[in-house]
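Sequences listed follow chains A and B, in order. Each residue of the first sequence is one higher than the one before, starting from -10 at the first, in the working numbering. Each residue of the second sequence is one higher than the one before, starting from -15 at the first, in the working numbering.
In case anyone wonders, no lab produced these hints; they're calculated from the structure. Among the hints, a few may not be true.
From the derived model, a few chain A residues whose C-beta atoms are all more than 12 angstroms from chain B [to be verified]: (1) Gln42; (2) Leu129; (3) Ala190; (4) His210.
Not everything, but these chain A residues come out facing chain B in the computed CB check (under 8 angstroms) [as the list claims (entries may be wrong)]: (5) Leu(-4); (6) Thr25; (7) Ala60; (8) Pro62; (9) Ser65; (10) Cys67; (11) Asp114; (12) Arg117; (13) His185; (14) Arg186.
The beta-carbon is built from N, C-alpha and C at its ideal position, and this holds for glycine as well.
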Amino acid sequence: MPALLELQQSMRAQLLGYATPRDAARAQRLAIYRDTRSGTLVNALRLSFPAVQRLVGAEFFEGAARAFIRAWPPRSACLNDYGADFAGFLRTFAPAAGIAYLGDVAQLEWAVNRALHAEDSVGLDLARLAVLDQPTLSCLSFRAHPAISLLCVQFPADAIWRAVLQQDAAAMASIDLGCGPVHLLIERDAAGVQVHRLNAARWQFSARLCAGTPLYELFDHGAKCPDADTAAWLAEHLSLGRLIDFNLTAPPAGALR
Amino acid sequence: MPGASHNAIDARPIPVAAGIGLRFPHHDQVLRQQPPVAWFEVHAENYLGGGSVRRVLERVRRDYPLSLHGVGLSLGSAEGLDRAHLGRIAELVRRIEPGLTSEHLSWSVVDGEYLADLLPLPMTEEALDVVCRNVEQTQDALQRRILVENPATYLQFQYCSIPEWEFIAALAQRTGCGILCDVNNIHVSACNHGWDPQRYLDALPPAAVGEIHLAGHALRTLDDGSVVCIDNHGARVAAEVWALYEAALRRFGSKPTLIEWDTDIPAFELLLDEAATATALLRRAAGARHACAA
């Protein structure tokens, strides 16, 4: 009699097809569990990547999803969190190579999925900042709302995503795939998930801010960019509740003016 | 208590009546129409995040008694529980204050990989020790008693030393957990393994049974010609299962009873109709008991 852990490891190997059950009757019964597992995981990916599925068709999607599940099985029982690596997987999935923008659309859908399911969080109480003096303020670094993603992709994934989900063939036909990279901010507000397109300078500031770059660095950088409006951009993020907490980061000697 | 939520609503007990498993396709209708349902149960794993889905759960919780049914804790994992997952379930329980909290006698995690199904356990002393340890850890983390549901299984292991019904009774006795008696699962496993379903019911201690589940199943013929009964939650409750439900009510007394439907989810009205059948049988059982007591 194998120990329970050994038995569970061996059953996993049989379920995933890495080992063969001892007879055909057992194999068929095991297949019932295998079918439930694949069905559940493929369905979880369908729910998170509806535009990718529309772009490639249900049958192709199922094949890609099964290949992904083999390469990247879930590590958590919360399947809303499953699929973080799907966009990267699709970019290297040879049968999908004909649709160059598929990975970008998948990356956007993952950000949308994160925005849908991220924990609730309230924006930073600005009164906490009002009591700080100027040198302290410049040492602040912020934590962004968990629903926010900042995405820079090669193709206009936002336009493709909207056109595909709205089944708007005219909009799809008018998309210029060669328009150059797009800079996106994805978030959740009271009305639902929002996908905004930003200009490159504003996106770079927002991405660095949300990644926890301290203010003295952001303002130094802004001073060197003629089209930067650092103070206004920061005020907008704060007023919309996109920042939920802060830390104090000591600057290197001489960095403070 | 530190961290106690000041806006928590008082825990609302689950009534001894027929409830319905609430699934996403019925969210809007339930919020809009407030149908006359005695209570709802949801799968905990679908509500672990925030946003609009959590708002729906909070509104349902405000308007109805609510039970949380976990599908991913993997109480049978030899390697122990995923602490991060248990922590998220505990947080949800603290926020929602469900009337009942339940999980399954099965496993779905090994070597940190989630296998996305409720897999069967060998009924051995070692497995019983493992499940007892995991149930105790869960009850400590959630600070409440949980109910553990008997599984529907399609295969058995050669070296099982304990009948499943005795395993469950021992689990309840050792950990103080309650039993979620899934009558359809008893029927499914009894068909697949040649068990006597009445013997199964007779082995479960009535006082430990906190809830009953009812659902539909399907038959599938395998290549070798054998027929397997599959717990697909995709049909009306079968006649044999209604009969077994009446036997369960005679044995356990009236218990909160849930209608579950997860595959090819039908119009909500069909679930109301199934719940009405359960309600009628609950009333008849209560009447029979009163008649006996008189």
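Checklist entry - Of the numbered hints stated previously, which ones are contradicted by the structure, given in increasing order? => result 7, 11, 12, 13, 14
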